[in-house]
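**Student:** If you want the building blocks of each chain, they are given just below.
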Amino acid sequence: MKKLIPSFRLQLVLVFFVLLLISVLFTRSYFLQSFRKYLEQIRVETMSDRLNQIYSDYSAEIPEEEREVFKTDVETVLVDLKQVGIVTDFYRRQIITYSVFVFIFISISVLIIFLISLNLITRPLQRLQEATRELSRGNVQFQVRESRFSPINDLVVSFNRMVRELEQNRRWAIETEKKLIWREIARVMAHEIKNPLTPIKLSVERLEYKYRQNPADIGQTLEDSVAIVKEEIDNLQGLVERFRDFAMMPEAKPEMYRLDEQLREIANLYNKEYRITLCADGELPQFFGDKMQMKQVFLNLAQNAVQAMGPDGELRIDAAFRHPYFEMRFRDNGPGIAPETREKIFEPYFTTKRKGTGLGLPVVKRIIENHGGTIRLDSQPGAGSAFVITIPYANLHSTVTEG
Amino acid sequence: MLEHFVENLVSTIVAVGSLFFPFIQGVEPAFSDVRIEVSSGKMYLSTQVIHCYTEELDKVLTSGQEIRLNFRVEVFPEKSSKAVLRKTFYHNVKHNLLDTNFDVFFSEEDVHRQFNDIENVHAGFTNVNRVLIVEADNLLPGKRYFIRISAELDDITFLGTRDDLDLMLFWNNTEPTIRTELFDLSRFAY
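These protein sequence lines map, in sequence, to chains A and B. Heads up: the first sequence begins at 1 in our numbering, then just goes up one per residue. Heads up: the second sequence begins at 1 in our numbering, then just goes up one per residue.
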């Protein structure tokens with residue numbers, strides 16, 4: 001049913017031909033009407049009848065004094081008849097000449113109107129289409145050029161307003177999210193710090209108790225307590241180092257390299273134990289970025305995927321260049337991720353793993369953002385997960401070198 | 001309402017179109033055989049418009065409608081565009097449909113002449129024969145002058161038509177014009 005409806009361009013072409021047809025019909029109608037009016041006025045039959053009547057009535061007997069009048073009358077009618085022939089011929093010529101001219105003139109006018117309409121309607125629509133693509137890629141600063149002559153300018157203005165509000169809301173959401181994240185980090189940090197502090201405090205209290213009871217017999221207790229305190233201090237130190245790693249990303253060292261080769265290396269690492277398919281576009285342009293950081297990203301995503309899908313699962317890695325973006329996709333056929341988990345998956349210290357730090361995906365996200373790109377998760381419970389990375393080619397150099 | 005609009009629109013387009021696409025195939029008339037005679041201190045001019053007839057124009061000439069051909073003769077001083085002397089005259093032709101002859105009136109002579117066929121009309125209607133142009137008294141000694149002659153057909157109105165028919169369409173809207181050589185008072189000495 002949908003195919004029966006002609007496309008917008010086809011509709012415009014149809015309108016164009018309909019207008020053309022109407023213009024031709026109008027032209028034809030105009031000349032035919034003029035011709036009809038003329039024929040009504042001259043009444044050829046009436047004049048011929050009149051001439052015959054004059055001849056039959058007066059040819060036999062005509063007085064001398066009226067002969068000149070008679071002659072003039074007949075001659076007048078004859079002149080009229082002559083003129084009918086000439087004017088008819090002129091009308092015929094005009095119809096032939098100006099039908100063509102009017103046809104050409106109206107055709108060109110309609111064509112110009114058609115092209116202007118096409119420009120005023122389809123161009124903004126194309127720009128809107130491009131804008132929606134940009135929006136879906138995360139570019140919420142894209143604005144469609146407005147034209148007050150376009151009949152769909154209101155739509156364009158509304159779209160631009162919507163994008164601006166979207167950008168404002170996004171910033172507000174980011175700020176809010178940041179506050180929440182840091183609150184969560186503070187909570188987790190407090191909890192993590194409190195855990196080792198308890199055994200340290202207990203060890204110190206036990207040591208103090210032993211010293212007061214029997215200072216000579218403190219040796220073993222001192223040894224045990226010091227060991228516990230040292231261990232817990234090591235834990236605290238490890239916690240601080242992980243936090244520092246997350247908070248202070250090493251400086252990026254961008255270089256030109258082949259992204260498909262890097263992805264192949266990652267795939268080969270897991271190929272022995274898991275089914276991994278790599279589909280990289282053979283004509284990928286050279287990638288400019290921090291090779292080590294990007295490797296960390298890909299390893300992390302691959303590691304998460306294989307952990308999620310298990311030994312019988314399959315991971316498919318796609319890499320393509322869709323001008324002006326690189327797009328990498330890590331899709332597994334694991335159990336998928338629940339919506340409530342999806343929302344927090346990039347938050348620091350959020351993890352669903354028993355031994356996870358909750359910093360892997362936040363680090364991945366930060367690296368991608370440092371490269372001027374975005375990462376998103378498409379997942380449904382029971383239908384696997386896909387992490388999609390989009391990095392603009394044009395921004396790579398400036399973003400990475402500045403970052 | 002719509003019909004009126006369409007009528008106006010199309011008539012405008014036709015009016016514009018007629019400037020570029022005339023529906024009549026015209027010819028480019030010209031003057032030929034310009035002869036200047038001087039006699040008794042007077043200058044006479046004889047000439048003829050040629051290449052000026054078409055089949056369609058002949059139909060108009062034989063329609064019984066009176067057709068007028070206007071002539072304009074102007075005398076200019078050398079290197080001037082302001083005429084010091086201007087003379088106009090005309091020829092009328094009318095086909096008498098009952099007598100099947102043509103009556104041509106020559107205003108410069110104020111005479112009517114009868115022609116029996118269209119070929120003779122062709123020769124006579126556009127012919128200018130010894131028209132007095134200028135007398136020596138009207139010219140300044142030591143100055144040189146030239147004469148410019150042009151011709152134009154008047155519009156006619158046909159029965160039942162709204163607009164006049166511009167007969168100059170048969171001449172591609174071109175007035176035949178010719179300019180004589182320069183002359184001075186010494187020319188009148190002959």
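Derived from the structure by calculation, the hints contain no laboratory data. Fair warning: this is a prediction, and the values are worked out from it, not measured in the lab. Just so it is clear, CB atoms sit at the ideal spot from N, CA and C, and this is done for glycine as well. Take these hints with a grain of salt, some might be off.
Said to hold, decoys possible - Computed spacing ranges between beta-carbons, pair by pair:
1) A:I104 to B:D33: 42 to 48 angstroms
2) B:D103 to A:R28: 56 to 62 angstroms
3) A:R28 to B:A83: 21 to 27 angstroms
4) B:D110 to A:E64: 28 to 34 angstroms
5) B:L140 to A:T88: 25 to 31 angstroms
6) B:F20 to A:T88: 23 to 29 angstroms
7) B:K59 to A:F103: 23 to 29 angstroms
8) B:N173 to A:T88: 38 to 44 angstroms
9) B:E109 to A:I104: 45 to 51 angstroms
10) A:V15 to B:L2: 14 to 20 angstroms
11) A:I104 to B:K59: 45 to 51 angstroms
12) B:L140 to A:I104: 39 to 45 angstroms
13) A:T88 to B:E109: 33 to 39 angstroms
**Student:** A separate judgement is required for each hint: does it hold in the structure or not?
**Tutor:** Here is what the structure says about each hint:
1. Checked against the hint of 42 to 48 angstroms, the pair A:I104 and B:D33 passes, with Cβ atoms roughly 43 angstroms apart.
2. Between B:D103 and A:R28 the beta carbon distance is about 42 angstroms. The supplied range of 56 to 62 angstroms is therefore violated.
3. The given range of 21 to 27 angstroms is broken by A:R28 and B:A83, whose C-beta atoms sit roughly 50 angstroms from each other.
4. Checked against the hint of 28 to 34 angstroms, the C-beta distance between B:D110 and A:E64 comes to roughly 30 angstroms, which is consistent with it.
5. Hint check: B:L140 to A:T88, Cβ distance near 56 angstroms, so the stated range 25 to 31 angstroms is violated.
6. Checked against the hint of 23 to 29 angstroms, the pair B:F20 and A:T88 passes, with Cβ atoms roughly 24 angstroms apart.
7. Range check, B:K59 to A:F103: about 28 angstroms between beta-carbon atoms, so the 23 to 29 angstroms window is met.
8. The hinted range of 38 to 44 angstroms is not satisfied by B:N173 and A:T88, whose Cβ atoms lie roughly 24 angstroms apart.
9. Distance hint check for B:E109 and A:I104: the Cβ-Cβ separation is about 50 angstroms, which falls inside the suggested range of 45 to 51 angstroms.
10. Distance hint for A:V15 and B:L2: a CB-CB separation of about 18 angstroms, consistent with the stated range 14 to 20 angstroms.
11. Restraint check, A:I104 to B:K59: a C-beta distance of roughly 29 angstroms breaks the suggested window 45 to 51 angstroms.
12. Distance hint check: the CB atoms of B:L140 and A:I104 are about 57 angstroms apart, inconsistent with the given range 39 to 45 angstroms.
13. At about 37 angstroms, the beta-carbon gap between A:T88 and B:E109 stays in the expected band of 33 to 39 angstroms.
Comparing the model with each numbered hint stated earlier shows that hints 2, 3, 5, 8, 11 and 12 do not hold.
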